[in-house]
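Peer 1: Sequence:
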Amino acid sequence: MRKTDRYPVDGPNALWQIYRTVSKWKAVKNFVWIQISRYCPSLPVKNWIYRRMLGMEVGEHTAFALMVMVDVFFPEKIKIGRNSIIGYNTTILAHEYLTKEYRLGEVRIGSNVMVGANTTILPGVTIGDGAVIGAGSVVHKDVEPYSFVAGNPLRVIRTGTPDSAEAGTFGASAEISGPVASGNSTNPNSSSS
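According to the UniProt record's numbering, the stretch in the sequence shown is residues 1 to 193, in order.
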């Protein structure tokens, strides 16, 4: 279940009243830093921006792919553990502005989590350690540790254990074949001697 704080509004919808909840200057500053981080190819620079300029908690070796969009108004409510991957064009929200109210909630993403490309993570959810989120999913509820979830609506595909998640198998057997498995891969960007 998502954990959000709800704030009713009078008059026009909550989005019209946004600058009563957040400073315009904070929004502009955050927007600029987020846009820089979306296009930045350097993972250490991105993590520096998220930690120092936006106030997020980001664990060591966590990687944000290109075009990730974090919450522009409340990025400090996003906490991500160590060694996680946030896939291309993922959106992580810590707020919702609705017609009669707005909601705020922390987003907690554990360690060793894999979030597939084009995923949307809504405010107030917790994603447990070792979880895998399929590409294009909408995470509208908590995700148990070491589970594999996907879709909209989000559904559990498989559950696992720390051992199966670490191996990347989730109980499935996989055989790797081809040039990479045999060590004979060729990289078109490298020269052979």
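By construction, these hints were calculated from the structure, which means they are not laboratory data.
The structure presented is a predicted model; accordingly, all values stated were derived computationally and were not measured.
Any given hint might turn out to be false.
[As the list claims (entries may be wrong)] Computed cross-link-like contacts, DSBU-like style, restricted to lysine-lysine with a CA-CA straight-line distance of at most 35 Å:
id	residue 1	residue 2
1	Lys141	Lys100
2	Lys24	Lys100
3	Lys100	Lys79
4	Lys3	Lys79
5	Lys24	Lys79
6	Lys29	Lys141
7	Lys100	Lys26
8	Lys100	Lys3
9	Lys141	Lys79
10	Lys3	Lys29
11	Lys26	Lys79
12	Lys100	Lys29
Peer 1: It remains to establish, for every hint, whether it holds in the given structure.
Peer 2: A quick look at each hint next to the structure:
| no. | hint | result |
| --- | --- | --- |
| 1 | Lys141 <-> Lys100 | 22 Å, holds |
| 2 | Lys24 <-> Lys100 | 22 Å, holds |
| 3 | Lys100 <-> Lys79 | 28 Å, holds |
| 4 | Lys3 <-> Lys79 | 14 Å, holds |
| 5 | Lys24 <-> Lys79 | 23 Å, holds |
| 6 | Lys29 <-> Lys141 | 30 Å, holds |
| 7 | Lys100 <-> Lys26 | 24 Å, holds |
| 8 | Lys100 <-> Lys3 | 18 Å, holds |
| 9 | Lys141 <-> Lys79 | 16 Å, holds |
| 10 | Lys3 <-> Lys29 | 27 Å, holds |
| 11 | Lys26 <-> Lys79 | 19 Å, holds |
| 12 | Lys100 <-> Lys29 | 27 Å, holds |
Taken one by one, the earlier hints all hold for this structure without exception.
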